[in-house]
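J.: Here's the letter readout for the chains.
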Amino acid sequence: MLAFISRRMAAAAAMLLVIGTIIFSLLIIIPGDPAELLLSTGGGSASPEAIANLRSNMGLDQPVLVQYVSFLYNTARLDFGTSIVDNGSISSVIALRLPRTLEIIVAGTILALLLAIPAGTAAGLRAGGKFDIATSAINALLTSVPGFVLGTLFIYFFAQVLGWLPAGGYVALATNPAQHLQMLILPSLTVGLHLATIVFRMTRASVLEMRGHDWVRTAVAKGLRRKNVVRRHILYNALGPIITVVGLQLGILLGSTVLVEFVYNWPGLSGLLVSAVEQRDYPTVRAVILTVAAIFIGINLVIDILSSLLDPRIRLQ
Amino acid sequence: MMSVRSFPKRMIVPSLLLAALIIIPFVAPLITAEDPVKIAVRYRLAAPDLAHWLGRDEFGRDRLARVLYGGQVSLTVAFAATTIACIIGTFFGLIGAYFRGPSEFVTSRLSDIVLCFPPILLALLVVTLFGPGAGTLVAVLSVLYFPTFARITFSEALRVTSLDFVEASRALGTPSHRIVLGTILPNIAGPLSVQYSLTAAAAITIESGLSFLGLGVVPPAPSWGQMIRGARQFMNQDPLGIMIPCAALVLTIYAINFFCDRLRDTLDPKGASSSSMDEVSKPLALADAPAIRDPNVVAVISNLRLETARFGTPAAVVEDVSLTLRANQCTALVGESGSGKSLSSLALMGLLPGAIRQASGTLQLRRKSGEVVDLGFLDARTLEDIRGNDIAMIFQEPMTSLNPIHKISDQMIEAILAHRPMSKADARAHAIQLLKRVGMNDAEQRIDSYPDQMSGGMRQRVMIGMALTCEPRLLIADEPTTALDVTIQAEIIELLQSLRQDQGSGLSLLFISHNLGVVADIADRVAVMYSGQIVEEGPADQILRDPHHPYTRALIESMPSSHEELHSTGGDRLPAISGTPPLPSARPSGCTFRDRCPIALPACAEIRPALYPSADGERAVRCLRAPEAPAGLMNHQTEAA
Chain A
1 MLAFISRRMA AAAAMLLVIG TIIFSLLIII PGDPAELLLS TGGGSASPEA IANLRSNMGL
61 DQPVLVQYVS FLYNTARLDF GTSIVDNGSI SSVIALRLPR TLEIIVAGTI LALLLAIPAG
121 TAAGLRAGGK FDIATSAINA LLTSVPGFVL GTLFIYFFAQ VLGWLPAGGY VALATNPAQH
181 LQMLILPSLT VGLHLATIVF RMTRASVLEM RGHDWVRTAV AKGLRRKNVV RRHILYNALG
241 PIITVVGLQL GILLGSTVLV EFVYNWPGLS GLLVSAVEQR DYPTVRAVIL TVAAIFIGIN
301 LVIDILSSLL DPRIRLQ
Chain B
1 MMSVRSFPKR MIVPSLLLAA LIIIPFVAPL ITAEDPVKIA VRYRLAAPDL AHWLGRDEFG
61 RDRLARVLYG GQVSLTVAFA ATTIACIIGT FFGLIGAYFR GPSEFVTSRL SDIVLCFPPI
121 LLALLVVTLF GPGAGTLVAV LSVLYFPTFA RITFSEALRV TSLDFVEASR ALGTPSHRIV
181 LGTILPNIAG PLSVQYSLTA AAAITIESGL SFLGLGVVPP APSWGQMIRG ARQFMNQDPL
241 GIMIPCAALV LTIYAINFFC DRLRDTLDPK GASSSSMDEV SKPLALADAP AIRDPNVVAV
301 ISNLRLETAR FGTPAAVVED VSLTLRANQC TALVGESGSG KSLSSLALMG LLPGAIRQAS
361 GTLQLRRKSG EVVDLGFLDA RTLEDIRGND IAMIFQEPMT SLNPIHKISD QMIEAILAHR
421 PMSKADARAH AIQLLKRVGM NDAEQRIDSY PDQMSGGMRQ RVMIGMALTC EPRLLIADEP
481 TTALDVTIQA EIIELLQSLR QDQGSGLSLL FISHNLGVVA DIADRVAVMY SGQIVEEGPA
541 DQILRDPHHP YTRALIESMP SSHEELHSTG GDRLPAISGT PPLPSARPSG CTFRDRCPIA
601 LPACAEIRPA LYPSADGERA VRCLRAPEAP AGLMNHQTEA A
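First to last, the sequence lines map onto chains A and B.
Counting from 1, one number per residue, gives the positions in the first sequence under full-length UniProt numbering.
Counting from 1, one number per residue, gives the positions in the second sequence under full-length UniProt numbering.
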């Protein structure tokens, strides 16, 4: 088990290194001077001093290899450098905003699992039944609604028409817990429903597959109660495939979180990223993307370990 | 694979819907003469009227024109990017698959890296460097998606290149490019088109998302994402502003997904025709069962008829099967695959597969308490109490009959706890005891292994041990040795024999097999099944030494000579039974065996033989030519014909 975990961790670290290298080399391989490119707005180019200033600031005047090594070294220390725009420390901005993004992701994931796993199981157990047909139709429709569209429609219905919930914004949990939670509902529901469509589909398919296996018949033949057969011999077996697929889909989830945060004015990583892209603040964009990629890889590492706990065959290999 | 000639019916609606949604934006000039970018601030947020069906937006621009032209932009970006990604990806994938070597590595690794990246973030990264715009979007999206195409092409092509006919044409000297274009490409077109639609939908989502952030298509060019962005601030006064582009976007993505789902179902019908019923179909109360007086009788199947519950007209897979199982007796159910022997026994467990329905007959069981129950009248709860407790079953496939992700201990303990309230530790001790009883060495250690760490023979011992949990009165063994190798087979049979002897409560064993040699060793009574019916039944020694039904005779004659004593001929050639058993839906008139029967007469085509009992009532046979058959029957019918 320990060997398995360390193997997976090494693979995750290698993946991070590759991604860091790709992000680093993007700046090298683009044609022209990156400093000039980043400072150009529309047609006008920036003053030579500004360009020279940025170049030395980002270390672009040093040899590529030196740049690369210091980039890796600094990234490993979680030092992402300073913003082009306001010279502030990027690391501290990320440290401030990352927890807010994680909050939405965690709340959304919990919501998605609570909704989709029971629904998917019920639909899979009675595939072709009324419940299955209804939920599958709703799911097909929801799958086709991009996160930001769902968010916009939610604001319209829940905030504008019904007036139940705030249209967006953020208040720190410490300042006003009730209001904080109120503001968390719509963003996490939006992210959660999006993820729920994927979890539902996978749960349904996985349950449908598992219930046909011989061991389910054995379990019934043993005289187990129906709910135990479903829980221990169908659902438990189905969980492995479900979380693996969910892990792979998390990239899309993280992407839609960016948009959802923007829709609800939630000051997580997304606002930072969008304004940084608008202002072509490459170091900040790079840092945010590395952070998100690290989260993605981290979650997948956890999922790998979880599924090996669920299925002995993975770690026995 | 989908044939081009016959367009599948299920594809018509999604194809038309998708085609309409793709074509309409591009014929925008025919629908409206308005200019999508002409600003008329005086009419901002005007309500719909005859000239402007969908009203005007926050700059007074005609909304219908903007939705249509915006669709052009969104669709062009998405489909251009998808097409480029598809072409480049397919190219790389084919090269990787056909020539293997380093290109294979590049193809498969590259997609791993891109796949672990949130696509929209990669897009944002590139937009930072190159600035927003439709061109940038197409470039980013193609780069994002081509590795997926490469991977799919690669793995599909790898599958196809290893097919016999491709190997053959390569051996015949067909040039590489002809094989790739002529043979491989058409074969991987299916999965590729599914991926194409998936990617197009994803690309539209990303394009509209970026435009919504103001980082995609540059204003004033219309795009759906931008329209939502613009109308957001005014949703209070003008909800139509967000509804229209949202609807357009959702409808388009839905149409693509819908098309894609149907396409996948058409290409791979396995997934689509998933079973629509429960995995188990319940025993039914269809008739009053005859009373059982003999206290030695453990179970009675009477006049059982099972039918297929799906696919049009029901066909009988088991017909008129009656069987009485007694304590301290081993009854063997013999017949070739598909004869209905397993289904008959599953019916007795209340474990019929969902595709099979009990059409008539009754299933009765004497519980340990002595009470006789009719399975059809029991609720699900009582059935659960009976299974594993009064009646247990060992299945044919020990490799798949145990759940691979639970330890043996957990699977045995749950079986014990299902029927006997006791502590987990006691249950575990009991489980170890059971494993010892079925001859498992190191039971204390072995009990904590997973099924995959055990051999087939050990797993079958576990299955037997589990079946013995509650000392059932009836044990059904459904070809328990078929999947095992010969030496293990003998051990398992020996084990079953010894269990029969030392279980005090008078175990009744229903042993299902197609191996007459094993049956001769273990059975007291034999019932031979053919094509869903019992064709001969009686004491094992009588039936095996002096079979009255030609099918039983043929079965015995086709057996290898290890059981020399059973053979009447004793020659070195094994006669085979010619022909194949009829399908349940296409049984011939009269006797179902007559087409393969060496002694069939014309009358056999007219009369459906019943099971004729012998004078002493010990045995019965379903054959017009058997000594048990009423003498007059044959002559009478022959004359009539």
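Quick caveat, the hints were computed from the structure, so don't treat them as lab data.
Take the hints with a grain of salt, since some may be wrong.
[Unchecked claim] To give a feel for the contact side, a few chain B residues facing chain A, derived at Cβ under 8 Å:
1. GLY55
2. GLU58
3. ASN236
4. LEU240
5. ARG367
6. ASN403
7. PRO404
We treat Cβ as the ideally placed atom computed from N, Cα and C, and that holds for glycine.
J.: Decide, hint by hint, whether the structure agrees.
T.: To see whether the hints hold, each was checked on the structure:
1. A hinted interface residue such as B/GLY55 counts as satisfied when its beta carbon comes closer than 8 Å to some beta carbon of chain A; here the least separation is about 16 Å, so the hint is violated.
2. For the restraint placing B/GLU58 at the interface with chain A, the shortest Cβ-Cβ distance is roughly 15 Å, beyond the 8 Å limit, so the hint is violated.
3. With 8 Å as the threshold, the beta carbon of B/ASN236 comes within range of chain A, its nearest partner Cβ sitting at about 6 Å, so the hint holds.
4. Because the beta carbon of B/LEU240 sits about 11 Å from the nearest beta carbon in chain A, more than 8 Å, this interface hint is broken.
5. Interface restraint check for B/ARG367: the shortest CB-CB distance to chain A comes to about 13 Å, outside 8 Å, so the restraint is violated.
6. A hinted interface residue such as B/ASN403 counts as satisfied when its beta carbon comes closer than 8 Å to some beta carbon of chain A; here the least separation is about 4 Å, so the hint holds.
7. The closest approach between the C-beta of B/PRO404 and any C-beta of chain A is roughly 6 Å, which is under the 8 Å cut-off, so the hint is satisfied.
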